[in-house]
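With the hints as constraints, model all of the structure from the sequences given.
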Amino acid sequence: MHGTYKDLSTLSSFISEEPLLTPIPSQLPPRITLPGKPLSAIDTEEHQHEDDDDEKDQYEPHNDYESGSVVIETFIISSEIKNIDDFLTGPVQHNMQNAAYLKLIPKMTDTICTLNGRSIKIEGSPDDVRKAYQKFAVIQKTFIGMSKKTSIPCLHFHNPKTFRLYFCNLPRYRYHAFVQHRYEKSKSPADYHVILPVFLDKTTNEYINPPKDLIMGNSEQHTSSKPDDLDKTMRPVQDAMKQIAISQKPSQQPYQSSSHSSTVRDLPESSGRFQPPSWGLDRNFTTAYNTGGLEYFTSKRLVNAFTPTPPPPLPTASKLPMLKDFPLLPTGPRVPPQQPADYKPLLRIGSEPKPRRVLRIVNQKAASSSTPSASPLGQLDRVRIYNYHNIKTTLTKGLESVRGFKGELKLYAKIGKVLWNVGFPKEVTTKIWEYDEIIDIVMKEYNTTSNFTNMTTKDERIINLFASPEIIRDAHFASKTAIYEFHCLARNSPSLPYKPTVIHMNQGVIDVRKVVLSEQTVAEVDWVSLDRRYDFKLALTAKQLARCDVKPYTTFIKWISVCPITRQMSFENVPNFLKVDHVIFKQTTRYTYVLPFIIDIIRVEKVPLVPVANSRKINAFPGSGEAWYDFEIHNTINQAPFKSNMGLEIGSEASWTVQDILQSNNTEDTITNYVKNMITLIERIENAIKKMPQ
573 MHGTYKDLST LSSFISEEPL LTPIPSQLPP RITLPGKPLS AIDTEEHQHE DDDDEKDQYE
633 PHNDYESGSV VIETFIISSE IKNIDDFLTG PVQHNMQNAA YLKLIPKMTD TICTLNGRSI
693 KIEGSPDDVR KAYQKFAVIQ KTFIGMSKKT SIPCLHFHNP KTFRLYFCNL PRYRYHAFVQ
753 HRYEKSKSPA DYHVILPVFL DKTTNEYINP PKDLIMGNSE QHTSSKPDDL DKTMRPVQDA
813 MKQIAISQKP SQQPYQSSSH SSTVRDLPES SGRFQPPSWG LDRNFTTAYN TGGLEYFTSK
873 RLVNAFTPTP PPPLPTASKL PMLKDFPLLP TGPRVPPQQP ADYKPLLRIG SEPKPRRVLR
933 IVNQKAASSS TPSASPLGQL DRVRIYNYHN IKTTLTKGLE SVRGFKGELK LYAKIGKVLW
993 NVGFPKEVTT KIWEYDEIID IVMKEYNTTS NFTNMTTKDE RIINLFASPE IIRDAHFASK
1053 TAIYEFHCLA RNSPSLPYKP TVIHMNQGVI DVRKVVLSEQ TVAEVDWVSL DRRYDFKLAL
1113 TAKQLARCDV KPYTTFIKWI SVCPITRQMS FENVPNFLKV DHVIFKQTTR YTYVLPFIID
1173 IIRVEKVPLV PVANSRKINA FPGSGEAWYD FEIHNTINQA PFKSNMGLEI GSEASWTVQD
1233 ILQSNNTEDT ITNYVKNMIT LIERIENAIK KMPQ
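Each number in this note's numbering corresponds to the 1-based position in the sequence shown with 572 added.
Take these hints with a grain of salt, some might be off.
Unchecked claim - Simulated crosslink set (DSS-like; lysine-lysine; CA at most 27 Å straight-line):
| id | residue 1 | residue 2 |
| --- | --- | --- |
| 1 | Lys1248 | Lys1262 |
| 2 | Lys1151 | Lys1115 |
| 3 | Lys964 | Lys721 |
Calculated from the structure, these hints are not laboratory results.
Right, dumping it as structure tokens:
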């Protein structure tokens, strides 16, 4: 058998027996070829493996790591992300194409990234895998944080009086003329509400007086102002009907007396609660005689008369201050209760059976307001702490989500009015609410949302008052600028869909200043100043920008002409690439205010557009369109760190932190500075409006 280890050993012993100094013959003997492995077989195999690896690297260039240096990490996509394709598709890059993260991140980190369902497999060296994983984590945090606006309301009253809150329909608000808003096509002022304060009546220790800014009808005012006169008029009729009631049959008296006593027992329990208000409700009034303690017949009472009185509720509910009643839905078919043979229907108010109820543990914040005596702080201090916590939580969440956003960020305050879109008006407008029940109950359970007006005012007198030294004291004029905003649909390729785009152009220079692909509000605080005509909001917005030096924007700007005397402008759409929908003309007057704040008073006008007959040109006439005004305040110190977001690369975060923006460790932090200055302006505006001639 040839080629075995025995043959090689025999040959090796034969060579070793020769003398060491044997002279080399001049003519070598013929080479003997033996079958089997050569002595350098091991080295040859090692070199062969290296050659194979070199050939393999030509097809898989990212696998050329040393043994033991390749790691595999799995990135799990959050369940909050519904559409994975949207998550893996980024904003427009310099080539005007949307970023494909599964292609760009592997090139940036020298890794292999593979999508497998809701997970991404990352393969490469430890450092590279760590970088790629971190980029996906930043992209995911930014995507989730900016997918939904974080909004929170805050309520403030200017003195320590104890108050509750009432939702008033906007047309019945006394100062609804000061509320200016551009409503959607399907909306009207009647679809919105404002919050009015209700104060404690010291004589009755109840909240029975309607808000002073609620417009009430004549019938409501007459009924609420003169109840004693009506009772005096109807007292003889009541006495006569009571005498008739005494002469009824004795068989009916035991049941009636028991029902009367049960009604009396319920009075202490109901008197401790605030009865649902009837102010401002749309009701159909029917003339009826006041029969005092006797009841008159109605169809509802006839139906309820044949329903027996249910057993009394469990007494344990009233012993637990942290529990409230909550209706229980039936879990199975209900069996009607059997009526006793001697049951007789009784026509009386309150005979309707109470629904089954279960005890629900409510939020401790809401429960604490029911026992104010247990807290050493007054309502004003508790509201201040509550508002500060909500503002800080909302802004912290918003700022964390935009650290990885590439674009323009802005944190600012704006004066306007907070409107409420009430989901269940019957349940919300018929009750008086605590300040900490607005978020936990009214918004979450009754689907109510807060909406800030999209303008400060339309009245030129009001905006002139805002700009007067009486309001913005110690303010100095800084600058005045004007820009055009072309709101259009644009694309850079006929194969791509149109996308909303806003092109900014300076008034004096025909050039593209900025191209905004999208703008969204990431976080918003709606501050309600109770008993005041104006509120304010604190908002964090993000704008996604695009290049200005690419088509079709450069082509569009060449087709614009402006008359320097009349300011009349004409332009043309770019066929198959850009269509102008409307044009906005903004004139901004800037004032330097208390350091570090600046005030912007902006006149916004929707410019009328008139197409030219038999031409592709469209004429625009600034100065003749619908106009409104905005009043904004900016913090110059906070705006400086946001500039670093303009040059972020994919999957990176800005160097600033939330602490740098909010400065929570300082006594005069960002939140306190904003709120204090805005409240001061709101109070000045209120006092100045009261002095204005009507």
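Worksheet item: Among all the numbered hints in the text so far, which are the ones the structure does not match?
Response: none
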